[in-house]
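Based on the provided sequences and hints, a complete structural model is requested.
Each protein sequence line maps, in turn, to chains E and R.
Mapping of the first sequence onto my numbering: position 209 corresponds to residue 211, and the numbering continues sequentially without gaps.
Mapping of the second sequence onto my numbering: position 162 corresponds to residue 164, and the numbering continues sequentially without gaps.
Heads up, some of the hints might be wrong.
Any copy, or any two copies together, can satisfy a pair, since identical chains are not distinguished.
Unchecked claim - The list that follows gives simulated cross-link-like pairs (lysine to any residue, SDA-like), each with its CA atoms no further than 20 Å apart:
1) K341 with A213
2) K345 with S286
3) K345 with P46
4) K345 with Q28
5) K341 with H110
Think of the hints as simulated: they come from the structure by calculation, not from any bench.
Protein chains: 2
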Amino acid sequence: MTSSPRAATALLTDHYELTMVQAARQAGTAERRAVFELFPRRLPEGRRYGVVAGVGRALDAIEAFGFDAAALTSLEGVVDADTLEWLASYRFSGDIWGYAEGEAYFPHSPLLVVEGTFAEAVLLETVLLSIYNHDSAIASAASRMTLAAGERPCIEMGSRRTHELAAVAAARAAYVAGFDATSNLAARATYGVPSAGTAAHSFTLLHDDEADAFRAQVATLGVGTTLLVDTYDVTEAVRLAVEVAGTGLGAVRLDSGDLGEIARDVREQLDGLGATSTRIVVTSDLDEHAIAALAAAPVDAYGVGTQLVTGSGHPTCGFVYKLVAREGADGAMVSVAKKSLDKVSVGGRKYALRRRSPAGTARAEVIGIGEAPASDGDDRSLLVPLVRGGEVVGRTTLDEARTRHRASIAELPRAVTMMSAGEPVIPTVFER
Amino acid sequence: MTSSPRAATALLTDHYELTMVQAARQAGTAERRAVFELFPRRLPEGRRYGVVAGVGRALDAIEAFGFDAAALTSLEGVVDADTLEWLASYRFSGDIWGYAEGEAYFPHSPLLVVEGTFAEAVLLETVLLSIYNHDSAIASAASRMTLAAGERPCIEMGSRRTHELAAVAAARAAYVAGFDATSNLAARATYGVPSAGTAAHSFTLLHDDEADAFRAQVATLGVGTTLLVDTYDVTEAVRLAVEVAGTGLGAVRLDSGDLGEIARDVREQLDGLGATSTRIVVTSDLDEHAIAALAAAPVDAYGVGTQLVTGSGHPTCGFVYKLVAREGADGAMVSVAKKSLDKVSVGGRKYALRRRSPAGTARAEVIGIGEAPASDGDDRSLLVPLVRGGEVVGRTTLDEARTRHRASIAELPRAVTMMSAGEPVIPTVFER
Chain E
3 MTSSPRAATA
13 LLTDHYELTM
23 VQAARQAGTA
33 ERRAVFELFP
43 RRLPEGRRYG
53 VVAGVGRALD
63 AIEAFGFDAA
73 ALTSLEGVVD
83 ADTLEWLASY
93 RFSGDIWGYA
103 EGEAYFPHSP
113 LLVVEGTFAE
123 AVLLETVLLS
133 IYNHDSAIAS
143 AASRMTLAAG
153 ERPCIEMGSR
163 RTHELAAVAA
173 ARAAYVAGFD
183 ATSNLAARAT
193 YGVPSAGTAA
203 HSFTLLHDDE
213 ADAFRAQVAT
223 LGVGTTLLVD
233 TYDVTEAVRL
243 AVEVAGTGLG
253 AVRLDSGDLG
263 EIARDVREQL
273 DGLGATSTRI
283 VVTSDLDEHA
293 IAALAAAPVD
303 AYGVGTQLVT
313 GSGHPTCGFV
323 YKLVAREGAD
333 GAMVSVAKKS
343 LDKVSVGGRK
353 YALRRRSPAG
363 TARAEVIGIG
373 EAPASDGDDR
383 SLLVPLVRGG
393 EVVGRTTLDE
403 ARTRHRASIA
413 ELPRAVTMMS
423 AGEPVIPTVF
433 ER
Chain R
3 MTSSPRAATA
13 LLTDHYELTM
23 VQAARQAGTA
33 ERRAVFELFP
43 RRLPEGRRYG
53 VVAGVGRALD
63 AIEAFGFDAA
73 ALTSLEGVVD
83 ADTLEWLASY
93 RFSGDIWGYA
103 EGEAYFPHSP
113 LLVVEGTFAE
123 AVLLETVLLS
133 IYNHDSAIAS
143 AASRMTLAAG
153 ERPCIEMGSR
163 RTHELAAVAA
173 ARAAYVAGFD
183 ATSNLAARAT
193 YGVPSAGTAA
203 HSFTLLHDDE
213 ADAFRAQVAT
223 LGVGTTLLVD
233 TYDVTEAVRL
243 AVEVAGTGLG
253 AVRLDSGDLG
263 EIARDVREQL
273 DGLGATSTRI
283 VVTSDLDEHA
293 IAALAAAPVD
303 AYGVGTQLVT
313 GSGHPTCGFV
323 YKLVAREGAD
333 GAMVSVAKKS
343 LDKVSVGGRK
353 YALRRRSPAG
363 TARAEVIGIG
373 EAPASDGDDR
383 SLLVPLVRGG
393 EVVGRTTLDE
403 ARTRHRASIA
413 ELPRAVTMMS
423 AGEPVIPTVF
433 ER
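Structure representation (structure tokens):
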């Protein structure tokens, strides 16, 4: 949608980013040209691909990244007066390229390339990593869930199991990765994600009996609503639901028990009652494996909560933001990288393309160091301009991101649909 | 310290809460008196206790829970005009009791008891669960980390690995559970959590050599600063650090490799150079187990990131918010609970106390149903008034929560310090 939150983001930053700026300014190195790269060292264990999300939110955060008077006051004691003055006029003025929202990624994919002065680029580290690490973790889990669900819709309903604002971002990321709707009203208001919902057990328990509860819900939401049928006895509730709503009842929801078994019984009962088009919605700690296991059961839609908002075992992507090149004393750019012990990085500015067969199937993630890898006509370049001279130029709609996600997954090798643990479905190849 | 965020929280809510209100209002049941309970069915697998956090943030959220014109506009299509009008004047007017922030909890601890009309109390479900599920997951992990660290300080530095605003709440929750500081500047500004930081590898790489970087940092932050010594070669960097800063150097930081082994080498080297009071700070994917494993190593402080903000394997607590009692058609209160399949609840309004031995050691979590359990002089009542007639009455400072956390953990049986998986350190006992 168009409206996005624009609360100030500059304090969503680590203390050391500011003290580094202060030290570099005093040393005369703060204005050196610098290239930072945001990338994953690896995929979460066993995952075959990841999905980039949060790009639009990151662009919002960059635009909102500035220090107002209250923020500056809060920083007294963190940095000196000279640095506070510099921060007061801070605005990112550099260039950023990155993978488009919804794109698949692999180990070492250069998801963002941030070029500016050291001081202006280092300040964005924390908030960019926060957004990318969270939103991509959710989208990566969501993508596997929508793959496992096939044509059946998935509804995001995990708000209550994560931080109240992370929930809004999670609903957005899930939508990018193919979910059809969310329960989260702020995601509806902020990003235009379709919202949906049925009723809780508390609504049934509020009433003197189940029939009163069903009548109350149908009276105001219509027969197309979804009735929750597992508060007391499922069989009796299904009978009652059709009695109250008629055979045009929209759906019933199952939220406990052996969902596959119960869905089969309920389907048979509904059909026997003539409610052949009444759908069955299942919820209850679903993840991609549970969804896949229900493929043969007569289930029409999946509501997914906890496992979606916690990234299905991988709540963060482990992306890092590393200086890969910077200006030297002589003005020339120099590739740089940490060298000792583990966590060693590959220095140099990166370029990336997805190597594809003539039939359009992805074959490799090719990363060029210092220059773009040679491309034949089948390959697809992955870095798009996001910010130019401080101005956001790479904004897309969520629907465009959804379309890109579908296309990006569709061109991956078939192994992408395997829910079991394995290697990345395409290798990462460095070229220099 | 006092200023808290007051952005509107009413849309941080599931779609179905509002449609349930609409249906109940039409059915004439919306104004029935209701008691909701927020509680854990169990602890995360293997955990011996949990820690309540987010209480202060939840009180902020309740105060900020109201629908402005923009919010109401966004809800067109979700509920009807009559419900929108009711929402426009919504304000929680009921009573809430709960466990104080920093308190230990166990399976079925009634962490919040919310009493009001059904409509006003059901609306708070999502945001209360979001805050409690997130903040308590962080505090529960943080508490184990500070226990494992003993007298050595822990510094929270996980902002980049979680949603940018969840990061602020995580820093706050970690502080409640005994962390000494955070890297997060918004947590400093919003909640008065002390902030701290050193420098990143990028700062060293920015400079033409390590000596330049160290000199730049010491020049502006003083010799008391912490120098990061694992960018190129640790031994050479430690030598250089003491050469640049002198034997009064505050600390060195190690962020990679076998931390225990390297810390021993670095301690020996520092002592040999005369820098006997220079401290060693370690970071790099630490969790409570890694911290415990470093107990015998010459480490002076722990910086904890990813594992803290993701709850060390348990990013959410799984708290639920259930209707446990409500007014019947005759005006009398009735205990209610889901009965079919799994997820069965215990109906009735709960009270709680921690049973203690005469020596003050906790023996059991005693939960009374319908009335307060009998207490002798050694026991401690756990529910405190938080909201009375819609007014927040239970606000405490973060320092009070820290003190409570220390006291609450100190009275638990010694097994609380075991990092291995096990049963809750005290049993939960229902009395009725």
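Status of each hint after checking the structure:
1. K341 with A213: between (69 Å within a copy, 16 Å between copies)
2. K345 with S286: between (39 Å within a copy, 10 Å between copies)
3. K345 with P46: within (16 Å within a copy, 31 Å between copies)
4. K345 with Q28: neither (29 Å within a copy, 61 Å between copies)
5. K341 with H110: within (17 Å within a copy, 50 Å between copies)
The structure fails hint 4 only (numbered hints given earlier).
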